[in-house]
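The lines below spell out each chain.
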Amino acid sequence: MPTNITLEVSRYRPEEEAEPVFQSYEVPFRKDWVILDAINYIKDNIDGTLSYRWSCRMGVCGSCGMMVNGTPVLTCATFLEKYLPGPIRVEPLDNFPVVRDLVIEMTDFMEKLKRVQPWIVREEEKPLSEGEYLQTPVELEDYKQFSMCINCMLCYSACPVYGLEPTFIGPAAIAIAQRYNLDNRDQGNQQRLEILSEDDGIFECTLVGECSAVCPKDVDPAGAIQRFKVAATANWWKSLLMPWGNK
Amino acid sequence: MSLNPNYTKYHPKWYRKRIPIFWWMQKWAYTKFILRELTSLAVAFYAVVLLLQIRALAQGPEAYANFLNWLKTPVSIVLHGVALLFVLFHSITWFNLSPKALVFRLGKKRIPDALIAGSNYAAWVVFSAAIVWMILTI
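In the order they appear, the protein sequences are chains S and F.
Note that the first sequence ends on residue 247 in the numbering used here; no numbers are left out.
Note that the second sequence ends on residue 138 in the numbering used here; no numbers are left out.
Keep in mind that the hints were calculated from the coordinates and are not lab data.
Be careful, since some hints might not be right.
Below, in silico cross-link-like pairs of lysine-lysine (DSS-like), each with a Cα-Cα straight-line distance of 30 Å or less [to be verified]: (1) S:Lys43 - F:Lys17; (2) S:Lys82 - F:Lys13; (3) F:Lys72 - S:Lys114; (4) F:Lys13 - S:Lys217; (5) S:Lys114 - F:Lys13; (6) S:Lys82 - F:Lys27; (7) S:Lys217 - F:Lys108.
Just some of the chain F residues that point at chain S, by a computed CB distance under 8 Å [unchecked claim]: (8) Arg55; (9) Phe95; (10) Leu97; (11) Phe104.
Predicted, not measured: the structure shown is a model, and the values here were computed from it.
All C-beta atoms, glycine included, are put in the ideal place defined by N, C-alpha and C.
Construct the complete structure from the given sequences, taking the supplied hints into account.
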């Protein structure tokens with residue numbers, strides 16, 4: 001068992017350099033350490049100027065996504081041991097502008113997330129006196145998988161379509177739209193389908209499938225997108241063959 | 001965070017990584033994806049060959065014999081061999097992806113992925129057998 005391991009961390013200090021450079025840090029190797037532990041060790045003991053995001057360190061908050069040896073991962077859920085003997089390359093998430101060091105700019109994702117109306121849409125709200133909207137475990141099962149998304153944006157980082165066409169609404173936003181579409185309390189299906197059928201919506205996806213491969217929560221955005229494509233196509237045929245149907 | 005959603009637009013110092021032309025060479029998953037996309041060329045090749053065959057058939061016996069002779073040339077055999085590999089890759093990768101798009105339920109249970117992909121393979125076998133039967137008997 002080695003006693004140390006080297007991390008090559010991407011540094012970008014906009015006031016100092018025009019593009020990122022790698023800086024090597026040697027940290028103690030511990031079997032129970034994840035990448036984030038090693039980065040925290042650097043911050044606390046070697047170089048306090050290193051900037052990065054993290055919060056829960058238990059795979060729930062979705063803040064600590066980074067590229068580790070070229071693959072987007074949650075650094076709190078990825079052990080150092082996996083990369084022995086090193087060195088380990090740590091970079092900010094691909095396909096996003098870099099603000100500083102390992103910190104990316106995520107406004108684009110936030111705007112896209114809002115666009116799919118990620119909340120329960122009702123044509124008419126039931127009066128409070130009628131009680132809550134009930135749901136059976138089977139109905140919950142329909143969308144539960146898509147509700148596991150933690151907005152960590154690893155899927156955007158793995159998606160070459162998003163990299164090449166930044167207007168693409170992207171995997172997580174579509175999976176989250178599907179989460180509400182499949183919820184039997186929701187009635188916003190048609191609205192979301194129209195938003196997602198636009199030029200930068202589902203049909204930009206060419207099914208590379210890497211979004212689902214890197215997802216730390218097994219949400220399967222690629223599956224969500226393909227199911228949307230089937231729904232959108234069925235919808236189009238329906239409106240063509242039965243134009244008298246609802247709109 | 002500022003209340004003005006446009007505040008980020010004028011931030012001057014972000015670093016944006018450029019995506020190299022050969023980005024799809026960097027990871028096997030991406031390369032496989034590009035290969036799968038390229039298989040459409042093999043599908044198109046088969047379609048063109050079929051159209052040429054029909055044209056030769058319409059032009060008469062001599063043209064048809066010439067066409068059959070071209071099919072026997074080494075160039076044509078190599079092209080067909082490569083196209084066959086690509087079309088197999090095309091069919092298998094797409095069949096395996098089909099459960100992603102098709103989710104069916106039987107009562108409370110979701111039909112397993114293997115069954116959805118399997119039914120594609122079954123249909124493939126049935127159609128192939130039907131075509132072989134037609135060629136051998138008609």
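Enumerated hints in conflict with the structure, sorted upward: 2, 3, 4, 8, 9 and 11
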